[in-house]
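With chain A fixed as given, assemble chain B onto it according to the hints.
There are 2 protein chains.
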Amino acid sequence: MTTKALIQQIRKKESFLCIGLDTDLEKIPEHLLKEEDPVFAFNKAIIDATHHLCVAYKPNTAFYEAYGIKGWVALEKTITYLNTEYPEIFTIADAKRGDIGNTSTRYAKAFFEDLNFDSVTIAPYMGKDSVEPFLAFEDKHTILLALTSNIGAYDFQTKELEGLELYKQVLEVSKTYNGSENLMYVVGATKASYLTDIRKIVPNSFLLVPGVGAQGGSLSEVCKYGITPDVGLLINSSRGILYASNGEDYAIAAQQKAKELQDLMKQELAKL
Amino acid sequence: MTTKALIQQIRKKESFLCIGLDTDLEKIPEHLLKEEDPVFAFNKAIIDATHHLCVAYKPNTAFYEAYGIKGWVALEKTITYLNTEYPEIFTIADAKRGDIGNTSTRYAKAFFEDLNFDSVTIAPYMGKDSVEPFLAFEDKHTILLALTSNIGAYDFQTKELEGLELYKQVLEVSKTYNGSENLMYVVGATKASYLTDIRKIVPNSFLLVPGVGAQGGSLSEVCKYGITPDVGLLINSSRGILYASNGEDYAIAAQQKAKELQDLMKQELAKL
Chain A
0 MTTKALIQQI
10 RKKESFLCIG
20 LDTDLEKIPE
30 HLLKEEDPVF
40 AFNKAIIDAT
50 HHLCVAYKPN
60 TAFYEAYGIK
70 GWVALEKTIT
80 YLNTEYPEIF
90 TIADAKRGDI
100 GNTSTRYAKA
110 FFEDLNFDSV
120 TIAPYMGKDS
130 VEPFLAFEDK
140 HTILLALTSN
150 IGAYDFQTKE
160 LEGLELYKQV
170 LEVSKTYNGS
180 ENLMYVVGAT
190 KASYLTDIRK
200 IVPNSFLLVP
210 GVGAQGGSLS
220 EVCKYGITPD
230 VGLLINSSRG
240 ILYASNGEDY
250 AIAAQQKAKE
260 LQDLMKQELA
270 KL
Chain B
0 MTTKALIQQI
10 RKKESFLCIG
20 LDTDLEKIPE
30 HLLKEEDPVF
40 AFNKAIIDAT
50 HHLCVAYKPN
60 TAFYEAYGIK
70 GWVALEKTIT
80 YLNTEYPEIF
90 TIADAKRGDI
100 GNTSTRYAKA
110 FFEDLNFDSV
120 TIAPYMGKDS
130 VEPFLAFEDK
140 HTILLALTSN
150 IGAYDFQTKE
160 LEGLELYKQV
170 LEVSKTYNGS
180 ENLMYVVGAT
190 KASYLTDIRK
200 IVPNSFLLVP
210 GVGAQGGSLS
220 EVCKYGITPD
230 VGLLINSSRG
240 ILYASNGEDY
250 AIAAQQKAKE
260 LQDLMKQELA
270 KL
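Chains as they are written, first to last, in numbering that gives the first Met the number 0: chain A, 0 to 271; chain B, 0 to 271.
Bound-form chain A, shown alone (with noise of 0.2 Å):
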């Protein structure tokens, strides 16, 4: 999908929400447990109750490798899901993978091509040859790891490598990156007052941000300081949406969180 896309599909939703599929046998409602595949039939249910409200479905890989070859069939059952029925929606996995060179290459064709996922994330820790491979892909994006909503971001991300922090030296170093235009960033939206930093070096780009709901960060905060012209934001709800109820109810709860958070995200995009 070309990014043009994405924003004429925010605009026409008045969204910029990403749901999150971190999808939990232990909280998905239990009578569901009984279906033949308890992941997928969960997937589909809140996609077909969601899908006008959001503009991105985000699996989390780790959800679904934790169930083994179950898992990655509910997960290829979920993408061919969303790219059969709902083609308009910008699909990330959120796989946070990155190697050498030839082994990233493997990586990007299993995401990209076999899975055909819009975007995918990539931690930065290995450098230029282990995210380029992604980058070659045409309207492919690639969503590096900036600076994320965890604890541990204060381990390494936001202490000074030559003068700059480190997810600074990521933002500056990645611009030079052949294929640059396909980057994205994740940045925490427990972090939202480095924003402004953020957008001095990527100005323009998208960012996606997670930390809204469960991991405390304010979705009017990250807007304050992070919106731009053309939005330039997919903020991420996961838990907040997904378990919003139990009982056999979930879907229309799920739904009622998500017009919730576009009802928010409404009121950002009428200030632009």
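I should point out that these hints are in silico values taken from the structure, not numbers from a laboratory. Everything numeric in this text was worked out from a predicted model, so none of it was measured. Ideal Cβ positions, reconstructed from N, Cα and C, are used throughout, including at glycine. Misleading hints may appear alongside valid ones.
Stated by the list, open to error - Footprint (simulated), chain A over chain B, 3 or more residues, beta carbon under 8 Å:
| # | stretch |
| --- | --- |
| 1 | 27 to 40 |
| 2 | 55 to 62 |
| 3 | 67 to 81 |
| 4 | 127 to 136 |
| 5 | 155 to 167 |
| 6 | 227 to 233 |
Frame of chain A, contents of chain B only:
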């Protein structure tokens, strides 16, 4: 597996060789492609021919994910075969994972419990709470990326973070993590001279050293700077062994290449 059992195996086999199972359908002998599961057939033959010459196998998960469900089936069959037929072997899932706490816990369960690997490689970028869920597993090992063998290592790893190169900060900071006794580190063989400094920070930790052979590192250099009284090294070779021949003699050819490395390792161990 305990570290003690790994050291005993090294002394018994006079080898600290790890064989990287980066199995690629485009590189394995053509006659295997008619097998029901060519990847597993190849791995099984390589393992049967080399298990007495090495102490560890390291499947890189990218090569399996690239084949989707079939790839995961081949990975499961490979690890099950190793655990059943050669339980003395140390197994490494070269996955380079890492995510926020509850997600890292998922990955840890996937690799340590479901697949029953002895260890997994982890990227350090997200810090403490992304690593500690792996360290919580008894007699399982977390192999943290420190200094990798690729050119991109110079983007961030070798630059100074608060007065100390980032890879050294990773070594220092990770020593303070809960369960740090279960840590090992990835250090690329192409940077053997860095090992003197690394040993000052982690004098006894096991180092997984990729990049001997195809990536240009030298075994004797690595030993000169990195070996400890308890060896403390696992030296990986992948392509140089796996693809020594693409004819019907591929397993014997792989065995010969493994034997050449084991002979060199025997000489190095004799110096201790």
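Consistency of the hints with the structure:
A count of 0 residues in the stretch 27 to 40 of chain B with a Cβ less than 8 Å from any Cβ of chain A is obtained; the coverage claim is therefore unmet, three being the minimum. Counting residues of the stretch 55 to 62 of chain B whose CB lies closer than 8 Å to any CB of chain A gives 3, so the stated coverage by that chain holds, three being the minimum. With a threshold of 8 Å between beta carbons, the proposed coverage of the stretch 67 to 81 of chain B by chain A holds, since 5 of its residues qualify and at least three are required. Residue count for the stretch 127 to 136 of chain B with a Cβ under 8 Å from a Cβ of chain A: 4. That meets the three needed, and the coverage hint holds.
Here the stretch 155 to 167 of chain B counts 7 residues with a CB under 8 Å from a CB of chain A, which clears the bar of 3, and the coverage holds. Check on the stretch 227 to 233 of chain B: 0 of its residues sit with their Cβ under 8 Å from a Cβ of chain A, so the three-residue criterion for coverage is violated.
Violated hints, listed in ascending order, are 1, 6; each of the other numbered hints is respected by the structure.
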